[in-house]
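All chains should be modelled from the sequences, with the hints used to inform the complete structure.
4 protein chains.
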Amino acid sequence: MATSRKRALEQIDIARQGRDLGQLSLPTSAAKPPPKLRAGSSRRAIDARCAALGLNDASLAALRHGPADASIETYAEMVEQCIGAVQVPVGVIGPLRVRGLFAQGDYFVPLATSESALIASYDRGAAILTAAGGAAALLLNEGVQRSPGFRFASLEEAGRFVAWAMTHFDDFAAAARATTRFGELVDMRVTVDGRFVYLACEFRTGDAAGQNMATFATEAICAHIRAESPVRPEAMFLEANLSGDKKACAQSFLSVRGRKVTAEALLPRTLVERALRTTPERMHEYWTMSAVGGVLSGCLGIQGHFANGLAAIALACGQDVACVAESAVGTTRMEVDASGGLAVCVTLPNLMFGTVGGGTSLPSADACLGILGLRGTGKARAFCEVAAALLLAGEISIVGALCADEFARAHRTRTRGRRGNDSRRTKDGSS
Amino acid sequence: MATSRKRALEQIDIARQGRDLGQLSLPTSAAKPPPKLRAGSSRRAIDARCAALGLNDASLAALRHGPADASIETYAEMVEQCIGAVQVPVGVIGPLRVRGLFAQGDYFVPLATSESALIASYDRGAAILTAAGGAAALLLNEGVQRSPGFRFASLEEAGRFVAWAMTHFDDFAAAARATTRFGELVDMRVTVDGRFVYLACEFRTGDAAGQNMATFATEAICAHIRAESPVRPEAMFLEANLSGDKKACAQSFLSVRGRKVTAEALLPRTLVERALRTTPERMHEYWTMSAVGGVLSGCLGIQGHFANGLAAIALACGQDVACVAESAVGTTRMEVDASGGLAVCVTLPNLMFGTVGGGTSLPSADACLGILGLRGTGKARAFCEVAAALLLAGEISIVGALCADEFARAHRTRTRGRRGNDSRRTKDGSS
Amino acid sequence: MATSRKRALEQIDIARQGRDLGQLSLPTSAAKPPPKLRAGSSRRAIDARCAALGLNDASLAALRHGPADASIETYAEMVEQCIGAVQVPVGVIGPLRVRGLFAQGDYFVPLATSESALIASYDRGAAILTAAGGAAALLLNEGVQRSPGFRFASLEEAGRFVAWAMTHFDDFAAAARATTRFGELVDMRVTVDGRFVYLACEFRTGDAAGQNMATFATEAICAHIRAESPVRPEAMFLEANLSGDKKACAQSFLSVRGRKVTAEALLPRTLVERALRTTPERMHEYWTMSAVGGVLSGCLGIQGHFANGLAAIALACGQDVACVAESAVGTTRMEVDASGGLAVCVTLPNLMFGTVGGGTSLPSADACLGILGLRGTGKARAFCEVAAALLLAGEISIVGALCADEFARAHRTRTRGRRGNDSRRTKDGSS
Amino acid sequence: MATSRKRALEQIDIARQGRDLGQLSLPTSAAKPPPKLRAGSSRRAIDARCAALGLNDASLAALRHGPADASIETYAEMVEQCIGAVQVPVGVIGPLRVRGLFAQGDYFVPLATSESALIASYDRGAAILTAAGGAAALLLNEGVQRSPGFRFASLEEAGRFVAWAMTHFDDFAAAARATTRFGELVDMRVTVDGRFVYLACEFRTGDAAGQNMATFATEAICAHIRAESPVRPEAMFLEANLSGDKKACAQSFLSVRGRKVTAEALLPRTLVERALRTTPERMHEYWTMSAVGGVLSGCLGIQGHFANGLAAIALACGQDVACVAESAVGTTRMEVDASGGLAVCVTLPNLMFGTVGGGTSLPSADACLGILGLRGTGKARAFCEVAAALLLAGEISIVGALCADEFARAHRTRTRGRRGNDSRRTKDGSS
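First to last, the sequence lines map onto chains S, E, C and Z.
Counted the way the numbering used here counts, the first sequence spans residues 349 to 779.
Counted the way the numbering used here counts, the second sequence spans residues 349 to 779.
Counted the way the numbering used here counts, the third sequence spans residues 349 to 779.
Counted the way the numbering used here counts, the fourth sequence spans residues 349 to 779.
Keep in mind that the hints are not guaranteed to be accurate.
No copy is singled out in the list; a pair is fine if it fits within one copy or between any two copies.
[Claimed, not checked] Straight-line Cα separation of at most 27 Å, DSS-like style, residue types lysine-lysine; simulated pairs:
#1 Lys727 with Lys380
#2 Lys354 with Lys727
#3 Lys384 with Lys727
No lab work stands behind these hints: they were computed from the structure.
Here it is as structure tokens:
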């Protein structure tokens with residue numbers, strides 16, 4: 349997180365704003381802060397909060413969608429301090445043909461985003477995949493972790509605890525089972541670092557993404573430990589930051605968090621030439637340079653822009669978009685095949701997606717899962733295979749654009765197109 | 349990304365579904381895929397797409413917000429293949445007192461999420477920070493990168509190119525300047541790997557997040573290179589995956605991508621005891637165990653749940669949520685201070701946030717930036733300082749909950765509360 | 349691997365040496381290279397090589413240790429193109445008291461190095477540990493990997509192969525067993541990345557470090573696959589770079605490579621104050637700042653200078669010093685204990701050490717293992733526990749020196765001391 | 349660093365040794381430890397230590413090289429508690445033709461190792477490179493870091509300190525200059541993490557590896573800060589673990605530590621076919637699979653076995669072998685060239701090598717640097733270019749062996765060959 353001296357000096361100038369940074373003093377205030385907003389999920393409470401914030405009619409309209417908005421009280425039961433809802437445009441790409449273990453068919457995929465060109469790019473990739481006969485996809489692994497941490501008085505006590513815990517897995521599993529119908533403790537790994545012990549409790553979570561399910565089950569495991577362990581920890585915490593929850597980490601990348609899926613396709617040479625205006629050889633050259641670029645920048649995995657497609661399908665389908673932090677890792681590969689075509693594949697080890705629970709009950713999420721035909725129970729594995737195929741489409745399209753020297757153009761056309769003739773805005777109009 | 353043999357065998361059983369995996373064959377289909385959706389941003393085109401997808405009235409209502417929804421055509425100009433918009437509930441926390449270089453005052457912060465308990469947790473942290481006099485915050489660095497890649501015929505030619513490029517920075521800056529009023533080429537680093545050369549063009553981008561601005565300026569730099577370089581590359585690509593765009597990477601973490609901000613506060617012991625029902629000592633113990641846990645799981649940086657707050661403020665304020673992948677990295681620290689209080693700080697090196705461009709023009713985003721008082725030009729630095737203070741609030745709250753053994757309870761109460769008396773649902777009701 | 353523009357410009361100046369880098373051209377030569385040295389392990393062949401290299405008497409003496417050197421032909425059977433042996437000074441620290449599962453007693457530990465101050469520093473740490481009652485140590489895990497890689501025609505074929513391989517583990521283990529008395533295939537993990545499949549074959553290797561043992565056993569497994577697999581790979585390689593052999597990698601750090609050991613001790617406050625001239629509090633402060641420093645620099649694990657002690661004991665005891673690359677990772681922790689003392693621990697997940705095979709048969713290595721009392725069969729686990737205790741000693745000593753502001757002084761005294769009064773040399777005399 | 353439950357259970361069985369791990373208790377002893385060895389560098393002191401350790405004649409001979417060994421007192425002035433020296437066999441490969449900025453010519457390269465097959469493998473690679481006209485090599489960057497750390501009372505004070513430090517670089521450079529003739533402070537980067545501030549002082553160190561030089565100069569900088577800083581740090585440490593000293597870290601990999609060199613060659617197709625018994629295409633296939641394998645195992649960089657050659661040349665030439673931990677990182681690339689040959693390159697960003705200071709004064713190291721023709725002042729840059737060419741040779745040879753299915757065979761032949769007819773030993777004879 350270092351800053352070079354040259355840049356630090358420039359930044360000091362920016363920060364200065366006429367002040368002497370040698371006397372830098374951030375403002376303090378004895379003023380009483382304004383009152384907190386009132387809680388409550390009734391329409392009246394909502395209205396009171398909006399009034400306290402001084403929202404004008406335009407803002408109210410933007411967040412409330414008309415005085416008759418029937419959803420707002422539902423939203424207010426879902427999240428605290430609710431004042432309405434934000435809207436994000438949603439477009440649909442497809443058909444995207446998927447040949448998976450669980451997803452089999454032609455899918456229309458809703459993507460929510462405010463970024464222009466994104467949907468067009470994924471749609472192009474989907475059309476190419478479909479023209480090539482579809483993306484093969486395999487669900488490879490499943491598991492969601494919670495990692496309680498324990499500190500003992502000594503290494504010896506830590507050792508005794510581990511010996512006990514490892515030989516009482518069935519009791520732990522039973523404690524977990526009492527909290528959930530769908531979750532199941534399927535594995536438990538142990539990490540010893542001196543007198544610190546971390547357990548990685550790993551669960552299958554049915555069709556839910558499953559973080560809360562894993563939390564409640566681990567709480568029961570911790571209660572069981574507190575009651576039964578022959579060695580008493582000096583300190584224990586339900587989650588000690590070894591689970592990879594909400595962050596890219598090597599451990600999740602190297603095993604699984606959520607679901608792990610791989611997808612691939614073989615694109616005939618003529619299809620690459622016609623649809624992408626480049627060649628398999630140039631796309632392979634690009635892959636090589638970008639794979640090395642990824643390594644040289646210290647990435648976890650090597651890929652192009654998984655995060656774009658992931659965030660867009662997550663947002664459309666009521667997934668927890670914070671999980672983009674952990675899910676947008678993996679690998680992309682492109683090779684020239686013996687046939688002269690392009691063999692492409694992606695692998696996503698950490699897809700935290702579900703088709704029940706969480707935001708999937710939002711009305712718009714329910715509609716979007718309906719467009720996919722993947723609402724509710726029994727659909728999460730297929731949903732993850734479709735997501736992998738979607739990201740494969742996105743990688744094909746962006747690499748094609750970079751190889752055909754159309755990358756900037758695609759963004760410019762879209763960005764400028766929507767802004768009309770305001771040349772000043774078009775010059776810098778987008779981020 | 350390995351799978352243990354035990355898990356692989358279980359997964360094989362799941363995949364089997366009555367089939368013999370030794371004969372595994374993914375379905376192919378000669379069937380013609382269904383037709384693509386028609387393009388177009390008129391209301392008629394939108395309606396035609398919805399009809400083609402067979403959306404029923406409930407889905408239409410969920411995505412269109414009534415027949416009178418005036419925004420839909422605006423959305424359709426923003427994204428391709430638009431069928432409407434998804435909604436995500438938004439709540440407001442605050443006041444959050446910030447003592448920054450650029451952000452100074454008491455802020456109400458809108459957060460959009462479908463996860464219950466999240467807003468309550470950040471609100472609690474904000475109240476604690478405000479009670480402690482606010483969060484100090486410093487913007488430390490700024491810069492957005494694009495990294496074109498070049499392959500030369502030999503290492504010698506690569507060397508000659510580098511010697512030329514490094515001594516012609518001003519020409520490159522001029523080429524960039526012609527494409528943008530706000531963007532500025534402020535640095536250029538070079539990475540040589542044999543005959544591969546990567547340039548890291550680094551820009552200041554005003555109040556925009558700035559990816560497109562950087563793309564267009566780099567396109568101009570590449571055109572300049574193509575026209576003027578004394579050495580001709582065998583291949584060149586506008587972006588060769590060294591920029592860290594849309595992914596967590598060591599390079600961005602170690603320098604900056606977007607804006608880098610640090611925020612800190614000193615929480616008096618009595619405040620910790622009263623508001624968090626724990627002690628500074630136990631919070632420091634937790635920090636130690638979780639910092640080691642982060643290291644042991646191979647994280648980039650060490651922190652708790654930056655992604656939650658980041659995704660929620662990004663979504664509320666029209667930021668590109670895909671950037672959560674790159675922005676949700678950094679560090680959290682907690683120490684017992686000499687006064688017996690808790691010194692806490694966060695550092696976020698890669699905040700890809702802006703107050704102009706992109707999704708900030710969405711009506712609901714505009715309303716949310718308005719609640720913050722950070723709409724438009726001249727506000728991006730303050731916005732990033734507020735975001736850092738927000739994440740500091742979130743870290744305080746989650747660590748407090750884990751230390752007071754209230755983490756699972758907080759989620760359960762919220763989750764169950766909203767589900768009423770359906771005991772079956774409450775058992776597994778959330779993800 | 350980027351270079352800033354400022355530094356690149358300076359480096360260009362250095363490279364220039366009067367040349368125009370725009371015309372950079374590395375020398376080519378049509379000259380015939382000098383002849384290769386003759387092979388052979390006889391004394392005559394050795395002498396011929398030395399003559400061909402034009403070694404003078406001083407060089408011969410340095411590499412041959414006198415005309416009567418009886419070892420040289422032994423060396424020449426060990427390595428190719430032998431011309432003699434290099435010498436590295438060896439010192440002995442101790443007694444180092446170890447309270448391990450396998451190592452129990454007071455050890456004198458030989459360390460070979462050319463770095464002054466290193467041995468004194470480890471000796472100080474050992475004395476402190478011994479005074480504190482010794483280092484507790486636990487061997488936690490064992491396993492050495494080889495990772496053959498396979499490319500199939502398609503994802504389906506890859507899937508079929510995995511289904512076969514995972515269900516035929518016993519046959520693989522039998523194939524491995526035929527090549528080795530001591531090695532045992534104990535696990536096999538699988539990594540699927542599209543049509544690429546990597547197997548991680550994990551072995552117990554008795555008292556050897558075991559790389560060759562793992563290689564030969566994996567060769568047999570590959571032969572078995574070639575003969576028996578129902579799916580024919582398009583390409584297969586005995587090792588596809590997933591084993592972590594000879595490199596620091598997250599995968600080995602996160603599980604085990606070689607042996608994993610943790611060691612800890614509790615240092616009474618008075619001992620810290622007397623022997624290290626600092627306090628537990630200041631050492632804990634240092635640990636916090638250095639742990640965060642390690643995270644901020646993107647280290648794998650967090651520790652001070654494991655590599656110093658590891659390289660020195662490896663070199664003394666005939667271990668493969670190239671393994672320092674993979675073994676010198678892990679964690680160090682220091683906390684103030686409830687008693688006011690300092691709780692310290694280290695964890696080393698990747699110790700590639702053995703007491704049989706490889707360089708352990710070198711005469712000087714045999715002597716050094718003898719000093720430890722850890723020669724030959726049945727001693728490798730104890731050797732690894734002693735190594736962990738040694739590194740714990742080294743961490744205590746270096747952190748103590750940094751806290752007492754004696755770090756530079758320790759190096760200077762040693763370095764200058766040995767150089768006498770040559771003030772010019774003392775100014776820059778060491779590296 | 350997790351252990352799966354299955355493996356943990358097996359390990360518990362191993363640890364048990366008849367004991368009940370539920371009662372695990374590591375041995376304690378009230379026995380007085382044996383006395384420490386006496387210090388001193390006289391021959392008498394050395395003899396006394398050897399006697400105290402009870403060394404028998406064979407051990408004495410192995411470590412002392414005869415009663416007339418003249419070097420032993422020299423060694424005892426170099427390292428503490430000296431009892432003699434260990435020997436490691438050294439072989440010579442070459443000629444290795446290098447076409448560098450600084451190294452130009454045909455080099456014979458001494459390699460010290462106890463691993464059979466290693467020297468033969470590098471020699472094969474060198475012969476191929478030389479036959480192909482030599483390895484082009486470019487020194488790209490130089491710099492050695494020390495990173496003092498400072499904790500201030502608040503973020504504001506940290507900010508004030510940074511503003512002061514960044515604007516007083518020249519004073520810092522002057523303070524550094526007073527300690528060294530050859531070292532030069534060339535850059536200073538700053539990392540702010542709340543009230544923690546880390547400075548990365550970067551030095552050019554002439555022909556020395558330079559760690560001690562950097563340490564002494566940084567000590568002077570810290571003294572200057574202590575005397576002159578307008579803001580007083582609460583705590584300061586000469587090195588706060590941000591320098592990457594003795595460990596693989598992203599920061600060093602992403603910039604430079606020591607010297608950064610890249611080397612490449614183009615191998616004609618016929619040469620690959622004849623000398624390596626494989627094809628450029630298969631070597632490229634291997635590279636792809638191994639590069640992805642490196643990524644999938646979470647390596648820093650992607651390469652095969654840099655550590656082997658690095659450790660061997662370091663040990664021969666008196667370098668600090670502990671630096672293998674930090675130097676053995678980088679990248680290897682292999683592509684099929686337009687000509688049908690194989691383009692190969694390596695990049696080493698962290699070569700901590702020097703030709704003066706440290707162990708270079710050891711008699712055998714001096715002899716080995718003499719064989720290279722790279723003794724003393726003015727030779728360090730050339731030495732690093734030769735090292736890069738050496739590692740390129742090693743990568744070519746090992747990949748060739750893996751592609752020709754000769755990898756295991758090469759090790760077996762060598763290992764068994766030297767062991768004679770003892771079939772039991774040959775079965776498992778090596779590590």
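These are the hints, each one checked on the structure:
In the homo-oligomer, the alpha carbons of Lys727 and Lys380 lie at most 27 Å apart only across protomers (24 Å), although the nearest pairing inside one protomer, at 52 Å, exceeds that limit. With identical chains, the CA atoms of Lys354 and Lys727 are at most 27 Å apart between copies only, with a shortest distance of 25 Å across copies and 54 Å within one. In this homomeric assembly, Lys384 and Lys727 come within 27 Å of each other (Cα to Cα) only across copies, at 24 Å, whereas the closest approach inside a single copy is 42 Å.
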